[in-house]
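Visitor: Make a model of the complete structure from these sequences and hints.
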Amino acid sequence: MKIYITDNPLNKNDDKTPIYTEHNYIPKPTPWVEAFALKKSKTTDFITNLYFQTVETNGFSYFYPEINQQINRIRFEWHYDFRDVKYFLRVGFCFKVKDLELYDLEYYIQRHDQYKDIKTPLEQFEIAKEEHLKIISFIQANIDEAIRRINDKPDKQFDTIHYIKLQRFVKHITTINNELRVLPSQIIGNDIVSAVIIPQSGFSYSSCQRFVDEKANILCAIWSLSIDHVKLKHIKAAPIMIDDARISNEILLKKLDQFYPKGKPIGDSRPKEVNSDDLDTVDWIYDGLNSLQDQKSKRKFINVLFSFYSGIDAKTINRTLTLVSLVACVDSITKELFPEFHDANGSRKAIVHCLTETLKGKYNEKDIDAWTKRVYNEHRSSYVHGASIKYEEFSQNMDGNNFAGLPNSLPTQNSPVGNQYKYENDLETLMLVSKMLLFRFLENLSGKLFFKPDLFDNIDFKLKSEPEVYMGLINNGWIRAFNPPKD
Numbered sequence: 067m068k069i070y071i072t073d074n075p076l077n078k079n080d081d082k083t084p085i086y087t088e089h090n091y092i093p094k095p096t097p098w099v100e101a102f103a104l105k106k107s108k109t110t111d112f113i114t115n116l117y118f119q120t121v122e123t124n125g126f127s128y129f130y131p132e133i134n135q136q137i138n139r140i141r142f143e144w145h146y147d148f149r150d151v152k153y154f155l156r157v158g159f160c161f162k163v164k165d166l167e168l169y170d171l172e173y174y175i176q177r178h179d180q181y182k183d184i185k186t187p188l189e190q191f192e193i194a195k196e197e198h199l200k201i202i203s204f205i206q207a208n209i210d211e212a213i214r215r216i217n218d219k220p221d222k223q224f225d226t227i228h229y230i231k232l233q234r235f236v237k238h239i240t241t242i243n244n245e246l247r248v249l250p251s252q253i254i255g256n257d258i259v260s261a262v263i264i265p266q267s268g269f270s271y272s273s274c275q276r277f278v279d280e281k282a283n284i285l286c287a288i289w290s291l292s293i294d295h296v297k298l299k300h301i302k303a304a305p306i307m308i309d310d311a312r313i314s315n316e317i318l319l320k321k322l323d324q325f326y327p328k329g330k331p332i333g334d335s336r337p338k339e340v341n342s343d344d345l346d347t348v349d350w351i352y353d354g355l356n357s358l359q360d361q362k363s364k365r366k367f368i369n370v371l372f373s374f375y376s377g378i379d380a381k382t383i384n385r386t387l388t389l390v391s392l393v394a395c396v397d398s399i400t401k402e403l404f405p406e407f408h409d410a411n412g413s414r415k416a417i418v419h420c421l422t423e424t425l426k427g428k429y430n431e432k433d434i435d436a437w438t439k440r441v442y443n444e445h446r447s448s449y450v451h452g453a454s455i456k457y458e459e460f461s462q463n464m465d466g467n468n469f470a471g472l473p474n475s476l477p478t479q480n481s482p483v484g485n486q487y488k489y490e491n492d493l494e495t496l497m498l499v500s501k502m503l504l505f506r507f508l509e510n511l512s513g514k515l516f517f518k519p520d521l522f523d524n525i526d527f528k529l530k531s532e533p534e535v536y537m538g539l540i541n542n543g544w545i546r547a548f549n550p551p552k553d
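FYI, in the working numbering the residues of the sequence shown are 67 to 553.
Some hints could be false.
Claimed, not checked - Subject to a maximum C-alpha distance of 30 Å in a straight line, what follows is the list of computed DSSO-like cross-link-like pairs (lysine-lysine): (1) K366 / K219; (2) K281 / K68; (3) K281 / K297; (4) K299 / K78; (5) K82 / K185.
Since the hints were made in silico from the structure, they are not lab data.
Guide: Structure representation (structure tokens):
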């Protein structure tokens, strides 16, 4: 049994009452005879709503799938105050689902303390008829609310707060996509961090989180594509939402320190600032996405965007996975832009064709072809077909000659540089190609031309001859000596 902790942080109590539960024990149930109408097409929504309603009250949700029988037994359990004793009862509602049909509907009423020791039955207690009817009404109210939420629009707005770790700091409150507000950055620990206020309509804080989380991750992916890599960061003791959705930027600035526990202003030794040109690129991507009327096309772009982002996100941990993710990103875009050529000639040749057509003769096709052969045949295939992690992740020595820790530009018996030099070179080119094709893909979907047509003119498919220097530090007092050439 996999056990996950779920709760509604807006509905937590400060008391220290022990709470017990037992997933392997189901109290003796009673058939549920109250009828309710539910279309099969709405079954999943109904169960989803019941789940979030249970989370809202910090109750318990149990799922017992039987895959071979195509059945899922589902059980929701809520705390129930009884005769002014908090948590005295646990009220449950159970049913089975098969082919989107609900059957064997049951309910039960159990003393909470019974879960502490299920082997020792507790003393029986009487529930008066009037009290019993109240419990039935309580369960029915949850059922009615789950059905109501299927068709009704959410009636509340929650302004949630996420935190992103950046490479460059944000100086002013910045509104993105007409809804997300990125607050001025502060330093927390050694990281540049910005709070992001994300509004979302929902029936509850818990139910809207699934949409908010995706919005936050899409922001990170678009920011990483447009500017540089950012990622979500958990800040201990940080606020999770603001109460007033209409709060002005002026008031936010006055309360800025409240968003950053143990945060420090950027100060004089500030890193590079996010500029307006960077943010214009972010806005262009959002505008392009918002212009897509076809939700299928929007989802296609977001999926490919996340393929790119997962590769960038893995770069500091596993550069091999970065390359594989970026190849998948480029291949997916090529398949969308040139489907017939892709089907007829395969992925690698389709990428060559795509780049040749997209770049309109700016580069030699032979150089593009040679680059794709290295990426596919030497780099990607070593992992996909040979399960070989590339060099740096685990100091892997692939052929007895290429050792991690040696200079990348060290000559080998067969080449003026080592394979790792080529790999790093090709990976950087692949990152630029992935970015460029993502912009072209969005142009193709939205019909909106990117306002920086020359942004990727510096792509070079040839292996660059870039010098490498390795400097030994004799003590802690070294300085960098650099004499720029005189005009």
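Visitor: What hints, given by number in increasing order, does this structure fail?
Guide: none
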